[in-house]
Amino acid sequence: MSRFGAKKGRKLPGAEFSWETDAGGEPDTAPTPLYPKYNVSRAMLLTPREQLQVDYYRDLRDRYHEGPYYSVLDAASSSAKKGSAARVNFDPFHGMPSYSGKYQKKKRTLPKLQGRPYIMRFFPRELWQTIQPSFKPENSMDGYVPQIARTGAKRGFEDDEVEEEDQMKRRKAEDDEEEEGGGGDGEDILDPDEEQEEEIVDDNFEDDDDDMGGDYNAEQYFDGGDDEYGDDGFGDGGGGGEEDTF
Amino acid sequence: MTSQNYAELCTLLVEDSFGELFGRIFATLERYDRLNLPRLKFYSRLTDRQLHHGLAAMIQQNLVFHYTSYDDGVTYYEANQHAAYYLTRSGKILEFIEGRLGQYAATLMSAIMYLGHASVSHLETLPELRPEQPHRNGINGEHKYKHEHEHEQDEANGEHEDQPNGIDSEHALSEQPYLLHPTLKTLAAHGYILRAREAHFQSYTDTVLDAERVVTSRPDIKSMKGKRLEETVIEKTLEIVKEKTDGDLSHGLKYNGVPRGAKQGRGAAQSNDPIKTEQADVDEDDEEDEDENEWSDNELGNDTVPMESSLIVRVNYEKLDVALRHCRFIGLAEQDSSAVTAEVYESLLRRIEYQTPRCRDTVEIPREGEEGEQYSVPIPLSAIAEDVDQQLDLSGSIGPMDISQPFSRRGKRPLEDGVNGTSNEGTNGLSSGSSRTYELDQHLCLLAQPPHNLTSKRIVGGLITWTVEYRYVARILRHLELEKMIEARYGDVALRVVRVLHAKGKLDEKRLQEISLLPFKDLRQVLASMQTGGYVDLQEVPRDAQRQPSRTIFLWFYDPDRVASGVLEDVYKAMSRCLQRLKFERSRLREFLEKTERSDVKGNEEQYLSEGELKMLEQWKAKEALLFGEVSRLDNMVAVFRDY
Numbered sequence: 001m002s003r004f005g006a007k008k009g010r011k012l013p014g015a016e017f018s019w020e021t022d023a024g025g026e027p028d029t030a031p032t033p034l035y036p037k038y039n040v041s042r043a044m045l046l047t048p049r050e051q052l053q054v055d056y057y058r059d060l061r062d063r064y065h066e067g068p069y070y071s072v073l074d075a076a077s078s079s080a081k082k083g084s085a086a087r088v089n090f091d092p093f094h095g096m097p098s099y100s101g102k103y104q105k106k107k108r109t110l111p112k113l114q115g116r117p118y119i120m121r122f123f124p125r126e127l128w129q130t131i132q133p134s135f136k137p138e139n140s141m142d143g144y145v146p147q148i149a150r151t152g153a154k155r156g157f158e159d160d161e162v163e164e165e166d167q168m169k170r171r172k173a174e175d176d177e178e179e180e181g182g183g184g185d186g187e188d189i190l191d192p193d194e195e196q197e198e199e200i201v202d203d204n205f206e207d208d209d210d211d212m213g214g215d216y217n218a219e220q221y222f223d224g225g226d227d228e229y230g231d232d233g234f235g236d237g238g239g240g241g242e243e244d245t246f
Numbered sequence: 001m002t003s004q005n006y007a008e009l010c011t012l013l014v015e016d017s018f019g020e021l022f023g024r025i026f027a028t029l030e031r032y033d034r035l036n037l038p039r040l041k042f043y044s045r046l047t048d049r050q051l052h053h054g055l056a057a058m059i060q061q062n063l064v065f066h067y068t069s070y071d072d073g074v075t076y077y078e079a080n081q082h083a084a085y086y087l088t089r090s091g092k093i094l095e096f097i098e099g100r101l102g103q104y105a106a107t108l109m110s111a112i113m114y115l116g117h118a119s120v121s122h123l124e125t126l127p128e129l130r131p132e133q134p135h136r137n138g139i140n141g142e143h144k145y146k147h148e149h150e151h152e153q154d155e156a157n158g159e160h161e162d163q164p165n166g167i168d169s170e171h172a173l174s175e176q177p178y179l180l181h182p183t184l185k186t187l188a189a190h191g192y193i194l195r196a197r198e199a200h201f202q203s204y205t206d207t208v209l210d211a212e213r214v215v216t217s218r219p220d221i222k223s224m225k226g227k228r229l230e231e232t233v234i235e236k237t238l239e240i241v242k243e244k245t246d247g248d249l250s251h252g253l254k255y256n257g258v259p260r261g262a263k264q265g266r267g268a269a270q271s272n273d274p275i276k277t278e279q280a281d282v283d284e285d286d287e288e289d290e291d292e293n294e295w296s297d298n299e300l301g302n303d304t305v306p307m308e309s310s311l312i313v314r315v316n317y318e319k320l321d322v323a324l325r326h327c328r329f330i331g332l333a334e335q336d337s338s339a340v341t342a343e344v345y346e347s348l349l350r351r352i353e354y355q356t357p358r359c360r361d362t363v364e365i366p367r368e369g370e371e372g373e374q375y376s377v378p379i380p381l382s383a384i385a386e387d388v389d390q391q392l393d394l395s396g397s398i399g400p401m402d403i404s405q406p407f408s409r410r411g412k413r414p415l416e417d418g419v420n421g422t423s424n425e426g427t428n429g430l431s432s433g434s435s436r437t438y439e440l441d442q443h444l445c446l447l448a449q450p451p452h453n454l455t456s457k458r459i460v461g462g463l464i465t466w467t468v469e470y471r472y473v474a475r476i477l478r479h480l481e482l483e484k485m486i487e488a489r490y491g492d493v494a495l496r497v498v499r500v501l502h503a504k505g506k507l508d509e510k511r512l513q514e515i516s517l518l519p520f521k522d523l524r525q526v527l528a529s530m531q532t533g534g535y536v537d538l539q540e541v542p543r544d545a546q547r548q549p550s551r552t553i554f555l556w557f558y559d560p561d562r563v564a565s566g567v568l569e570d571v572y573k574a575m576s577r578c579l580q581r582l583k584f585e586r587s588r589l590r591e592f593l594e595k596t597e598r599s600d601v602k603g604n605e606e607q608y609l610s611e612g613e614l615k616m617l618e619q620w621k622a623k624e625a626l627l628f629g630e631v632s633r634l635d636n637m638v639a640v641f642r643d644y
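First to last, the sequence lines map onto chains A and B.
Heads up: the first sequence begins at 1 in the UniProt record's numbering, then just goes up one per residue.
Heads up: the second sequence begins at 1 in the UniProt record's numbering, then just goes up one per residue.
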């Protein structure tokens with residue numbers, strides 16, 4: 001307002017058009033309070049019915065969380081690979097593995113697809129192998145594969161920890177092999193065995209040995225960093241020509 | 001249709017329920033729309049394995065559409081915002097199902113939601129759908145009581161008695177499909193679940209385009225030309241789309257337009273209605289028992305046939321919207337009429353619901369004034385009379401003392417007084433039956449009164465029928481919602497101004513002041529603040545070419561459509577903020593919450609947590625509930641502005 005050089009006793013230009021003022025009255029030019037009283041509106045308490053709805057919602061949400069699909073991007077722990085993003089975000093104060101860690105809720109980084117039947121025709125072909133590792137693309141090229149009945153399908157993931165540990169080790173070995181093999185067509189047809197396992201990041205001390213033993217690991221000295229580039233799809237050739245186009 | 005706020009909200013909902021991986025994929029798909037796998041990989045910066053698994057799981061939950069094009073065989077993925085949004089409505093839906101069809105149906109529905117879509121054979125294997133389960137868990141006493149009750153029922157039914165019934169597990173096995181299949185059938189008959197089709201997994205546009213391609217390649221269509229060609233193509237396309245997406249399961253499961261498993265249970269539920277708050281659990285028991293009885297009666301007929309085990313079911317959100325809309329209407333009726341009238345209305349709406357597959361035929365809400373009239377199915381009065389509980393005291397609430405009694409029925413009063421309650425009904429059934437119908441008609445007339453016009457009367461072929469004019473009532477709901485908001489924000493003066501503007505159209509300040517009888521000062525302040533908020537706006541009409549302010553007419557107007565769409569965006573944003581707040585509150589208490597979620601602590605909190613921690617957990621739960629409750633209230637508004 002002051003840029004108009006308001007003189008004493010004269011109205012500011014445009015002041016008569018203000019909505020706040022009366023048609024003919026004096027304008028109120030006093031400054032507005034710095035911290036005006038502010039009424040914070042508070043939410044009403046939930047009615048019993050709403051409470052019931054919320055409870056149902058929470059139950060369902062909890063089930064999703066407990067279920068096989070809930071997965072996070074980085075489960076920061078000291079077992080993360082060196083130099084990876086997860087390792088950088090590691091919390092040194094609370095992240096160190098402790099005994100009670102074995103009770104801690106485990107976080108997945110991949111949804112677990114096994115353990116329930118799927119109806120294959122609802123999924124696109126390129127995901128069939130992910131859903132059902134036994135599916136071979138060359139077998140039945142037309143029509144959909146009849147669903148294979150799984151006997152003794154497991155629900156929940158706590159009970160197959162023992163297998164997982166083995167699988168984790170095996171997978172590690174396989175990963176290395178794959179990297180050396182150069183990953184011929186990593187784009188759509190994945191190694192069925194690889195798909196079969198699931199990845200659970202937990203603070204199992206046995207598994208951590210490789211990575212945590214020390215800063216220096218002669219075996220992984222050279223191929224340690226390769227995994228990332230392969231996974232992120234930036235530097236590797238296996239990703240196919242598609243990416244080169246941008 | 002999709003806006004930034006809506007996209008943000010959907011992403012947050014997906015992330016909240018399924019974790020960051022889903023959230024990342026979903027957000028990428030929302031931002032870039034359709035993507036094939038390599039592109040998606042590039043933009044989302046995820047690994048192949050993460051993407052493959054994530055996408056497969058998301059398709060299972062129907063959060064992602066996919067479409068493989070015929071030309072190049074490339075599969076494209078697209079975010080399904082609709083499904084993502086309905087995550088937030090799931091609590092409401094489950095509560096509704098529980099109220100309508102009992103606890104077990106809600107559990108079943110929850111299981112279907114949890115699985116995305118599921119085949120009946122898979123549902124059979126689920127442990128939580130076996131009636132035995134609550135016994136072991138012992139979550140609360142009512143469950144236990146109820147299921148014991150059911151056991152008694154089963155044994156009393158006699159069918160199970162001839163089986164060797166000593167071993168408990170065997171009993172469970174025989175009982176499990178016994179409850180599951182009837183409940184599934186009831187849900188299907190109500191239309192709350194439907195058969196999953198392949199077309200449900202691709203977006204609606206893709207389905208339409210596919211159908212169009214099929215139609216245009218037909219030889220008989222190719223020979224057509226011009227306008228006729230266009231019309232036939234559109235018509236045939238719609239036919240094909242309908243056929244492809246139609247998953248209706250209710251066919252053959254209704255008797256005279258009433259789904260099985262609904263009728264008797266309802267009578268029991270309604271008799272307890274006025275005291276429902278007190279006796280919710282007892283009421284439920286009754287309902288279950290009634291249902292069971294009916295099912296066992298039907299065992300003789302064709303209903304022993306279980307659902308085919310290869311059938312794949314999913315939740316029918318469209319139909320559930322209709323049901324929830326009716327709940328809302330009933331709420332409106334309860335506000336300004338007696339409980340009995342509301343119950344009569346409920347019976348009418350239920351009849352209508354059975355025959356209404358979706359809320360609207362158009363995708364978007366039609367603009368105000370252009371919406372025309374959309375009447376529901378007319379329901380004959382006699383059908384409503386059948387449905388309304390026989391014990392319900394119809395005459396009590398429309399006696400002479402009733403202030404809500406409409407003027408036109410003054411003359412009939414003594415007659416109604418004479419029909420006093422149940423004694424008369426008992427003595428001569430014929431006359432009381434007709435007077436009951438008459439009273440019902442009176443109740444419905446009451447509802448048909450302005451301002452809400454919740455019902456309207458039709459005479460179809462000499463029969464009195466009642467319908468509901470959907471668009472009108474939906475508009476009223478919308479306006480009430482807006483008016484509520486304006487009053488809360490700008491006070492009652494503003495509300496008066498808005499109402500005047502809405503009733504009279506565009507007005508200049510002087511006229512507005514005359515009509516609304518407000519001093520200039522108040523009026524201007526209120527108008528200015530509302531204009532800043534975007535609720536009213538100003539139109540300039542110059543009287544000459546110079547457009548001088550002094551020679552220009554300024555007209556105030558209030559456009560409900562515009563305001564509603566703005567408010568809708570605000571509501572989306574508010575919902576997002578609630579969810580973000582929740583996330584933040586969670587992160588503040590992360591260490592503590594992780595402790596409570598430890599596998600040894602969870603379930604026996606009393607044993608492991610200290611008193612202070614228990615208190616903290618309780619506080620956290622209350623806080624979380626409040627935030628979710630707020631989201632669900634906002635969702636009510638979204639439903640009014642977008643879905644009804």
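Hints should not be assumed to be uniformly reliable.
[Unchecked claim] Below 25 Å or equal to it, Euclidean Cα-Cα: the simulated PhoX-like pairs (lysine-lysine) are:
1. B:Lys-615 x B:Lys-595
2. B:Lys-595 x A:Lys-106
3. B:Lys-602 x B:Lys-615
4. A:Lys-105 x B:Lys-506
5. B:Lys-506 x B:Lys-521
6. B:Lys-621 x B:Lys-595
7. B:Lys-583 x A:Lys-107
8. A:Lys-106 x B:Lys-506
9. B:Lys-484 x B:Lys-457
10. B:Lys-521 x B:Lys-583
11. A:Lys-107 x B:Lys-621
12. B:Lys-573 x B:Lys-621
13. B:Lys-602 x B:Lys-573
14. B:Lys-222 x B:Lys-242
15. A:Lys-105 x B:Lys-484
16. B:Lys-602 x A:Lys-107
17. B:Lys-583 x A:Lys-106
18. B:Lys-583 x B:Lys-615
19. B:Lys-573 x B:Lys-615
20. B:Lys-583 x B:Lys-573
21. B:Lys-602 x A:Lys-102
22. A:Lys-106 x B:Lys-602
23. B:Lys-484 x B:Lys-521
24. B:Lys-506 x B:Lys-484
25. B:Lys-621 x B:Lys-602
26. B:Lys-222 x B:Lys-244
27. B:Lys-521 x A:Lys-37
28. B:Lys-573 x A:Lys-107
29. B:Lys-244 x A:Lys-105
30. B:Lys-225 x A:Lys-105
31. A:Lys-102 x B:Lys-595
32. B:Lys-222 x B:Lys-236
33. B:Lys-595 x B:Lys-573
34. B:Lys-457 x A:Lys-105
35. B:Lys-583 x B:Lys-602
36. B:Lys-236 x B:Lys-225
37. B:Lys-615 x A:Lys-105
38. B:Lys-573 x B:Lys-506
39. B:Lys-242 x A:Lys-37
Don't read these hints as lab results, they were simulated from the structure.
Please read all numbers here as calculations on a predicted model, not as lab measurements.
Tested hints:
1. Restraint check: the Cα-Cα separation between Lys-615 of chain B and Lys-595 of chain B comes to about 14 Å, which is no more than 25 Å; the hinted pair holds.
2. For the proposed pair Lys-595 of chain B and Lys-106 of chain A, the alpha carbon gap of about 12 Å is at most 25 Å, so the pair holds.
3. Annotation: proposed proximity of Lys-602 of chain B to Lys-615 of chain B holds, straight-line Cα distance about 15 Å (limit 25 Å).
4. For the hint pairing Lys-105 of chain A with Lys-506 of chain B, the CA-to-CA distance comes to about 62 Å; that exceeds 25 Å, so the pair is violated.
5. Taken as a hint, the Lys-506 of chain B and Lys-521 of chain B pair is honoured in the structure, with Cα atoms around 20 Å apart against an allowance of 25 Å.
6. For the given pair, Lys-621 of chain B sits about 15 Å from Lys-595 of chain B by alpha-carbon distance, which is consistent with the 25 Å threshold.
7. In summary, the hint linking Lys-583 of chain B to Lys-107 of chain A is supported, as the alpha carbons are separated by about 17 Å, within the 25 Å threshold.
8. Distance check on the hinted pair: Lys-106 of chain A and Lys-506 of chain B sit about 62 Å apart at the alpha-carbon level, beyond 25 Å; violated.
9. Proximity of Lys-484 of chain B to Lys-457 of chain B is assessed by CA-CA distance (about 30 Å); at most 25 Å being required, the pair is judged violated.
10. The hinted pair formed by Lys-521 of chain B and Lys-583 of chain B fails the criterion: a straight-line CA distance of about 45 Å is larger than 25 Å.
11. A distance of roughly 22 Å separates the Cα atoms of Lys-107 of chain A and Lys-621 of chain B; the hinted pair therefore holds under the 25 Å criterion.
12. Restraint check: the Cα-Cα separation between Lys-573 of chain B and Lys-621 of chain B comes to about 23 Å, which is no more than 25 Å; the hinted pair holds.
13. At roughly 34 Å between alpha-carbon atoms, Lys-602 of chain B and Lys-573 of chain B are farther apart than 25 Å, so this suggested pair is violated.
14. With a C-alpha separation of about 22 Å, the suggested pair Lys-222 of chain B and Lys-242 of chain B falls inside the 25 Å cut-off, and the hint holds.
15. Note on Lys-105 of chain A and Lys-484 of chain B: the hinted pairing is violated, with a Cα-Cα distance of about 45 Å set against a maximum of 25 Å.
16. Simply put, Lys-602 of chain B and Lys-107 of chain A have alpha-carbon atoms about 16 Å apart, close enough for the 25 Å limit, and the pair holds.
17. With a C-alpha separation of about 19 Å, the suggested pair Lys-583 of chain B and Lys-106 of chain A falls inside the 25 Å cut-off, and the hint holds.
18. Between the alpha carbons of Lys-583 of chain B and Lys-615 of chain B the distance comes to roughly 20 Å, so the proposed pair stays at or under 25 Å and holds.
19. Restraint check: the Cα-Cα separation between Lys-573 of chain B and Lys-615 of chain B comes to about 32 Å, which exceeds 25 Å; the hinted pair is violated.
20. Simply put, Lys-583 of chain B and Lys-573 of chain B have alpha-carbon atoms about 15 Å apart, close enough for the 25 Å limit, and the pair holds.
21. Proposed proximity of Lys-602 of chain B and Lys-102 of chain A is supported: the alpha carbons are some 14 Å apart, at most 25 Å.
22. Restraint check: the Cα-Cα separation between Lys-106 of chain A and Lys-602 of chain B comes to about 14 Å, which is no more than 25 Å; the hinted pair holds.
23. The suggested pairing of Lys-484 of chain B with Lys-521 of chain B holds, with an alpha-carbon distance near 23 Å, which does not exceed 25 Å.
24. Distance check on the hinted pair: Lys-506 of chain B and Lys-484 of chain B sit about 22 Å apart at the alpha-carbon level, within 25 Å; holds.
25. For a cut-off of 25 Å, the pair hint linking Lys-621 of chain B to Lys-602 of chain B stands: about 14 Å separates their Cα positions.
26. In summary, the hint linking Lys-222 of chain B to Lys-244 of chain B is supported, as the alpha carbons are separated by about 23 Å, within the 25 Å threshold.
27. Only pairs whose Cα atoms come within 25 Å are accepted, and Lys-521 of chain B paired with Lys-37 of chain A is accepted, the gap being roughly 22 Å.
28. Proximity of Lys-573 of chain B to Lys-107 of chain A is assessed by CA-CA distance (about 30 Å); at most 25 Å being required, the pair is judged violated.
29. For a cut-off of 25 Å, the pair hint linking Lys-244 of chain B to Lys-105 of chain A is broken: about 43 Å separates their Cα positions.
30. Between the alpha carbons of Lys-225 of chain B and Lys-105 of chain A the distance comes to roughly 66 Å, so the proposed pair goes past 25 Å and is violated.
31. At roughly 12 Å between alpha-carbon atoms, Lys-102 of chain A and Lys-595 of chain B fall within 25 Å of each other, so this suggested pair holds.
32. Note on Lys-222 of chain B and Lys-236 of chain B: the hinted pairing holds, with a Cα-Cα distance of about 13 Å set against a maximum of 25 Å.
33. Only pairs whose Cα atoms come within 25 Å are accepted, and Lys-595 of chain B paired with Lys-573 of chain B is rejected, the gap being roughly 32 Å.
34. Annotation: proposed proximity of Lys-457 of chain B to Lys-105 of chain A is violated, straight-line Cα distance about 60 Å (limit 25 Å).
35. With a C-alpha separation of about 21 Å, the suggested pair Lys-583 of chain B and Lys-602 of chain B falls inside the 25 Å cut-off, and the hint holds.
36. Using a Cα cut-off of 25 Å, the hinted pair Lys-236 of chain B and Lys-225 of chain B holds, with the two alpha carbons roughly 15 Å apart.
37. Straight-line distance between C-alpha atoms of Lys-615 of chain B and Lys-105 of chain A comes to about 22 Å, which keeps the hinted pair within the 25 Å bound.
38. Using a Cα cut-off of 25 Å, the hinted pair Lys-573 of chain B and Lys-506 of chain B is violated, with the two alpha carbons roughly 30 Å apart.
39. Taking the CA atoms of Lys-242 of chain B and Lys-37 of chain A, the gap is near 58 Å; set against the 25 Å cutoff, the hint is violated.
Hint check: violations occur at hints 4, 8, 9, 10, 13, 15, 19, 28, 29, 30, 33, 34, 38, 39; the rest are consistent with the structure.
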